[in-house]
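Read in full-length UniProt numbering, the sequence shown has 555 at position 555, and its numbers run on one by one without any break.
Wrong hints could be hidden among the right ones.
Pairs of lysine-lysine, PhoX-like flavour, derived with a Cα cap of 20 Å [to be verified]:
#: 1; residue 1: LYS727; residue 2: LYS902
#: 2; residue 1: LYS141; residue 2: LYS58
#: 3; residue 1: LYS914; residue 2: LYS902
#: 4; residue 1: LYS35; residue 2: LYS83
#: 5; residue 1: LYS349; residue 2: LYS35
#: 6; residue 1: LYS141; residue 2: LYS195
#: 7; residue 1: LYS914; residue 2: LYS930
#: 8; residue 1: LYS58; residue 2: LYS105
#: 9; residue 1: LYS105; residue 2: LYS42
#: 10; residue 1: LYS141; residue 2: LYS105
I should point out that these hints are in silico values taken from the structure, not numbers from a laboratory.
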Amino acid sequence: MTESSPDEPSSNRKDFICGVVEGFYGRPWTTEQRKDLFQKLKKWGMDMYVYAPKDDYKHRAYWRELYTVEEAEHLTSLISAAKAQGIIFCYALSPGLDITYSSQKEITTLKRKLEQVSQFGCTCFALLFDDIEPEMSEADKQIFQSFAHAQVSITNEIQQHLSRPRFLLCPTQYCSTRAVPAVSSSEYLNTLGTKLDQQIDIMWTGPKVISKTLTTECIEEITQVLRRPPVIWDNLHANDYDQKRIFLGPYCGRSPELIPLLRGVLTNPNCEYNANMIPIWTLAHWASCSLDAPQHMEAVSWDIKLERESEQGVCEDDAPLPLAAHVYHHRHALRQAINEWLPEFSIPKTAQGPVIKPQPTITVPPVPIIPILPSVNTCMSLMTATCNTSTTSTADMGPSIPTVNTSQLQALADVCSVSPIETFNPVPNPVMNSLVSPTKVILNESIPNPIIPIASSNMSLPSEIPVSTLPVPILGLKALEENGKAMEKDVSEVLLGNVLEGKDDDNDQIIVDDVESQSEEQPKNGDMSIGDTPQTLSPSRPSIPEIGVEPLDVDPPSAPATDSDVVMNDGMSENGSMQVEPSHSPLSTDMMVESAEPADVVDEPVDTEEESIDSNALVADDLLLLCDLFYLPFEHGSRGLRLLHDFNWLTMHAASMLPRGSKPETSEWRRRRSRFAWWLSRTRRLARRLAAARNRELHAELQPYVWELCAVLALLDGFLRWLELGKYPQNIAANTQGSYTWFSKGWREAFESGCQEPWVFRGGLTADLRRLIPVECTSDALRTLPPPTVLPLTVRPYTTADEEAVCLICHKTCRDGSDCSDLFPSDLQTLPADRLVAPFLTLVPELCMVIEDDEECVPRDISPDGDEDIEKRTNEPRINGMKPEIVGYACAVLNSKEFYKKQEVAWIPEMCTKYPEQLTERHDLSQAAKECVRHFHQFSVCERAPDSVTRSHPALLTCCVLAGCRDPLAPARLLTCLLAALRAHGASGVHACINATDHYLHQFYSKLGFAELQRGAGGRVYLARAF
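Produce the complete structure using the sequences and hints provided.
Structure representation (structure tokens):
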């Protein structure tokens, strides 16, 4: 096998189809991307491409319409390009949505459409009857004995009409869980097997729509029923059902020993074309092999694997071993595929904007739509799915068809909902056309989409339903962003920010890739807000600067092993106590610093080239981390698991950081904390290097996923920084554990078992990490689009060195989001901060947090021992001499009534001295300034939150963010981190107080999940949020 391509096909591949099916929902690939794919397929020894983009204009929604001259030219060029590379171009059509099988006119239309494509040079065709209603019209029922007879009749007739070319069929019952009642007893499948022409190949996805494994037993069973070996339509890497997931892991779960039993394998990969190098390459390598690696080389269970990992997340089972050319090992293949993928990042390409992945509603089988309700914390434990054992041969396949209690499914929906507050409101998908431009996908607004999702259903829920038969979009709707119309811009236009030029004469045609930025209302400048809560984020955004460099070429640090150090288990003992072991684990190794030669890197052994002088250049280790963070539908990569387990361990054992914690426990906590911070730094470095890649198209496809993961890790890191302070109660672990997380009873088992379709568990590793913070984000915050080139800003605890910056932010935002300098004379500019934020900073600094913009700063390497002083580490200048800028803060107290009493004793007397009441007689003072002075002297009679507010929401919160904040989601992370700190103290409700005239503030707090609870007599508005 050469370094850049899989082995030459072995003898068992003589008649074996191996290729790619573009069969997903959402934006299709472009003409140029498909031509690039043909070259790669040839290079890697594959032989087929199936054109079947669900949402392409004339493939499904308007399948009857013939191609125009322009479209014909593009399709002809695709077919010719495939032939030039020796690739079979298979043209697929999906007429099943509305075809009348008994209508001769419909059959003639179908023949005419495929005849037209055959004239373009196509010699291979497919009819797809997947994801449709399994019912015939009344006219069809008069002619055909069954649904299967109707499809067989039309397929056989079309194949014969086209002079019997190579032909494929995708059935309506295309997997075991779609088979009614079971595979062996399905009248539909048996009819296909006996009546369909033997020269027509039948597609099959396996036990499920997305199958974790394919076994010899399940293949033999379907082969017997279909009377021919199936062509596997493999959805392992498909991601059109989840807007937050992308799959970069290797092809696995299928032994090469299946190859002789199959007609072929076609992978239906990620919607993002450039993200499919590893899925396709590893499939090609798999198809060239004949044996799986020995059992001892396969992945071990997650707990054993983490035990055996080194500090860098390397498990001995992942180490590269000499393998024969015909032996397949998925981790070995992954490392080879990474070396093949790496050069792609250096190929100059222009960006096409984010991939929008809408998902039409599939109505087979007909079940009621289960809405995704707001996420809630419950005390329910997740139960594993029950399996109904069938008396048919499907029981021999392994797990039988799983069923789930509908209340359990609703609980899963509650937890996995991406937008906790939004309701299920499906919209028609756009009608797209990928055959009118080589580099764009066109949306024609004047053409209605006949495929309208079902918005609701009055059907009652049965007590138990098969999970795998639920329509995909029930738990994973791919809808267009609500922030603006979906637009695809030419890359040069995206990069230069130019307005589209040379529009088509047809005004209905627009482009569907990029998303327009939505202008936001500017805050109105009114009187200064003088409530208990300072003011917040200004919505204006500055221009986006270039990304800085963050060299972090160090291996993950660990504390030097000493006799007193301990290594604790990730789990808890039976009685709930923490387990302590002597430090003989490989996790206690010393930190190793990378030299200039990456050969010394002990991360996972991969073939890396000599690192470029440019520290912002991607290396193979970066891509290995990327793949582990976005691995497979039923499995997180080892580095992702490391992050999950380290954070959970740190929160469970946070009590060891209290002043009375034992030294060994504290040392172990700091060591794991340092390791988590190291992986965070590596992930942010990965994001920076992706942003610097010359292939802007590839970056545009990966960036949304990496950005969101970095944002979640920044949130978790901010909470861990707060835990380092050790200022919380002893029972903190009981207050910081969510009810539905990766570590909940049955969750991991259900996720990894493959018994559930992966769309039941939404969001992937990013969502699993996010759920470890038991405080929900708001839907408005989640819908906001992040800036394309700015990394998520960090959140950290307040330190005394931040006081000046925090007070300045208060001053610049306290006038309903705008500056209040003109309201105060020069000698009294400190008045608003002394009233609004300084009491928090002085009396409860441990519950104050800040947003830090370190985009232009090059951070120092993380200390290996993790014993640095937090305040010193936070405020020291970075390598390039720059200090991060504080751009926002949030402060809180656990009990507002007690806070006011403390102010009366420890703050107000000092302020009365600093600002004597005689100041109110000055003629140069504004009314706002005079009111601030009176506030201190009349503090005891000032309006307070009524008992109806403080009874359920006793905590008090204040928040301000500068108008120049470059990360629109930073305020949400800041608030979430502070609420998590309050939660650690046992609080569950918080309120903020603003003036009735503060319209901007009211809107801002509402977007962060606050709701108006009560209005006071003095023009005060109390907003509250439970968490």
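_Next pair to validate is LYS141 with LYS58; report whether the Cα-Cα distance is within 20 Å._
With Cα atoms ~27 Å apart, LYS141 and LYS58 exceed 20 Å; violated.
*Taken at face value, is the distance from the CA of LYS42 to the CA of LYS105 at most 20 Å?*
violated, 40 Å
*Given the hinted pair LYS141 and LYS195, is their alpha-carbon gap at most 20 Å?*
Between LYS141 and LYS195 the Cα gap is close to 18 Å, so the pair holds against 20 Å.
*When you check the alpha-carbon spacing of LYS349 and LYS35, does it fall within 20 Å?*
Holds. LYS349 to LYS35 sits at ~15 Å (cutoff 20 Å).
*Keeping to a limit of 20 Å between CA atoms, is the pair of LYS914 and LYS930 held or broken?*
Holds, at about 14 Å.
*Given the proposed pairing of LYS914 with LYS902, does the C-alpha separation stay at or below 20 Å?*
holds, 18 Å
*Measure nothing beyond the straight line between the CA atoms of LYS727 and LYS902; if it is 20 Å or shorter, mark the hint as holding.*
Distance ~19 Å between LYS727 and LYS902 Cα, so the pair holds.
*Would you check the hint for LYS35 and LYS83, treating anything up to 20 Å between C-alpha atoms as holding?*
OK: LYS35 and LYS83 at ~11 Å, within 20 Å.
*Between LYS58 and LYS105, is the straight-line Cα distance small enough, at 20 Å or below?*
Holds, at about 18 Å.
*For the pair we were handed, LYS141 and LYS105, check the Cα-Cα distance against 20 Å.*
At roughly 17 Å apart (the allowed maximum being 20 Å), LYS105 and LYS141 satisfy the hint.
In this structure, the earlier hints numbered 2 and 9 are contradicted, and the remaining ones agree with it.
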